[in-house]
Structure formats: C-alpha cells, structure tokens
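Just so you know, the protein sequences line up as chains A and B, in that order. All residue numbers for the first sequence refer to the working numbering, where the first residue is 6 and numbers rise by one. All residue numbers for the second sequence refer to the working numbering, where the first residue is 4 and numbers rise by one.
Hints may be right or wrong, so weigh each one.
Here are the computed lysine to aspartate or glutamate pairs in the EDC-like style, where the Cα-Cα straight-line distance is at most 20 Å [unchecked claim]:
#1 K13/A with E18/B
#2 K13/A with D14/B
#3 K7/A with D23/A
If we take Cβ atoms under 10 Å as the criterion, some of the chain B residues that face chain A in the derived model are [to be verified]:
#4 G24
#5 T37
#6 T53
#7 D57
#8 R76
#9 R77
These are calculated hints, taken from the structure and not from any lab test. The C-beta atom is built at its ideal place from N, Cα and C for all residues, glycine as well.
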Amino acid sequence: MKLLHSGKVRDVYADGADVILVASDRVSVYDVVLPTPIPDKGKILTQLSLWWFGLLSDVCPNHVISADDVPPEWSGRAIRCQRLEMLQVECIARGYLAGLGLAEYRSHGSVSGVPLPGGLAEGSQLPAPIFTPTTKATVGHDEFITFADVAADVGAEVGGQLREITLEIYRRGAALAARRGIIIADTKLEFGRGADGTLVLGDELLTSDSSRFWPADGWQPGRTQYALDKQFVRDWSSGLDWDRTPPGPPIPDQIVEATRARYVTVYEQLTGLSWPEEA
Amino acid sequence: MQCYDPNRLIDEVRELLRERGLDPAGSWTPERATLATGGAAMLLRGLGVTPAMDPVEGVVRAAAEPWTDADDRRAASGRV
C-alpha cells in the first residue's frame, strides 16, 4: 500500500486500482493543525460520511467500495474507494451566509453570479439554497465560478446535473439535520467519472470537515455562528497568547474530552445511532 | 472514455508557447487562471475528450484539508 498524500486531517493511500481514504484524529483550528489528536474523530467522521453515502445513494452513485476491506489498523476510519477521473469543479451548496459566500455577498451582493436580496447578515438563511462552485486550478487559487463557467468546463448537461445533484443532496441533508436540531449551513461535494463515464460522488459527504454545522437553538444571524463540534477548541485557543500560526498549542485533556464528546453527540444526533464507545 | 487533465494541458501549452518564443502569462491572476482552465476544458471537449483531473491528483486535492478551513481562509484573504 502506497501513501499518496498526507493531508491536514486525512491520508490517501493507493492499493492496486483502488484508493483508501484514512481519516485521522488530527484537528485544525484557524487553519492550523494542532499537535493533540481528538480520539475517535477520524472514525466518527468516517462513519458519518458512510451513513450519509448510504442514505443518499439514490441521488447519485458514490465511490465507496468497502469500509470493511481495509487494513485492520485503520478499521472504522478508512474507506476503500474507486479511483475516479475527478471533475475540476468543487460543487458547493450554501443555504446560509458564511465564509467566502459571506465575503462575496458583502463585495458584490451575489455569490457565484447568483444575485441575493439586500440586507442579509452573517449567518442569514438564504431564500433558497444556491450552487456556488469553485474551480480547482493548479495555478493561482481556487476561485468562485458561475454556473456558465461550469457549463463551459464540463458541458451544459453535466453542469446541470452537478448543480441539481449538489442542491438535492444539500436540501435532503439539511432538512434531515434541521429536524434533529442541527443547521447544515453549507457543504462541499466532489464528483468524478467512473470507468463507464457515470457521474459518481467522491470524497467525503456531509461531515463537519466538508460542511458547516451549527446548533439550531443557538443560531442568531448577525454574528459568527458557533461551530457545533470544534467550538470548544476554538474558544479555548482564542484565549491563548497564540498568533494562530503553526505550531499550534497542545490541547488540554479536558478540552480534548469535551471536543470528542461533541463529535460523538453530533454523530448520534444526526444519525439517531449510538456511538459504540469501544469503536 | 478518454479523459485528460485541463491543468496538465495548460502546462503543456505554456511550455509549447515558450518553445515558440512567447512568454505566456508571466503573472497569473485569478481571472486568467479561471479563463485558462475553462478554455482548456472547452478545447478538450471540442476534441471529444472529457476534461477531468488525474484520479490521484483529484483525490489528493480533495483530501488535502477540511473544506471549511479553505473557505474561511479564502474569505479572510479577501480574494473575492
């Protein structure tokens, strides 16, 4: 098995024709990976992603081959996946204003060419979810592009499919989460083509590393929203004499435990399943 | 299905242009990058080839960092 890449929080291995995505327990805050892992974070996010892949498999086929056929040392935190010819579009759905969507709205009153009503604030819910793709250029940086750009890149038909699938997955995921007290403010999806040319959903799905999760009962437009899982780490680190550049500070035990508990809670709240503590 | 990475095509065209004595895009701007990427994808489609990233590069880029980190960083950098 060959290590292809070690990312901030996930590692990618090649195993023959397949790739294996391994989610670590590393956690990042303010864009910096901290030296202290959060036990089980990788397993929890992997299991959550698998749960969503299963639930939403009627919307689009996905790249999951097996969560069991992986080396035992990665059991629970790894997924064996198909190799896909990846489309160079990050497909983002936004239902609320945050992050780059908020910044672009403040600059232009629109996001990815989608006009939005005036008077929206940080954290505001949008009138309807919008598709805000970015391109994955190897030069420069990933940039917002319009739907017309996507259509030029991948063709109008495929572009339309990407938009519809992205928004459908977001709508269904966000609706389910809302019933369970969690706002999914936005999410990023990746698509590729299988060997037969079929559009296939790749990467991870509706985890807190690919989406913003906010507690519904604490939602208040006009301010920065609380991150449902790693807010303990953010709050703790914001009180430190740390300039938010690497290396990050070690996380105290009580913050580690509280953060782990929050990841478990989010998993259980969304899935309705109990997290097996021996996992 | 024939696939080819538009980013790779851009690199190859830049090299070709240099060989012909040109100095293509000495300074990349976001607008130029987006234009070049879109143009390369359209050229490939026009030639009957599906524009897609190399499978390894595609999955590596996707798994490189949490998207939420990237989105916050882009917002903080004011690159819109």
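Status of each hint after checking the structure:
This hinted pair does not check out: K13/A and E18/B have alpha carbons roughly 32 Å apart, beyond 20 Å. Under the criterion of a C-alpha separation no larger than 20 Å, the hint pairing K13/A with D14/B is inconsistent with the structure, at around 27 Å. At roughly 11 Å between alpha-carbon atoms, K7/A and D23/A fall within 20 Å of each other, so this suggested pair holds. Here the hint on G24/B is broken, as its CB sits about 21 Å from the closest CB of chain A, past 10 Å.
Of the supplied interface hints, the one on T37/B holds, with its beta-carbon coming within about 5 Å of a beta-carbon of chain A, less than 10 Å. Given hint, T53/B at the interface with chain A, holds; its Cβ is 7 Å from that chain's nearest Cβ, closer than 10 Å. Hint status for D57/B: holds, given a least beta-carbon distance of 8 Å to chain A, under 10 Å. Because the closest C-beta pair between R76/B and chain A is about 5 Å apart, less than 10 Å, the hint holds.
For the restraint placing R77/B at the interface with chain A, the shortest Cβ-Cβ distance is roughly 5 Å, inside the 10 Å limit, so the hint holds.
Figure legend: structure checked against the earlier numbered hints; hints not met, in rising order: 1, 2 and 4.
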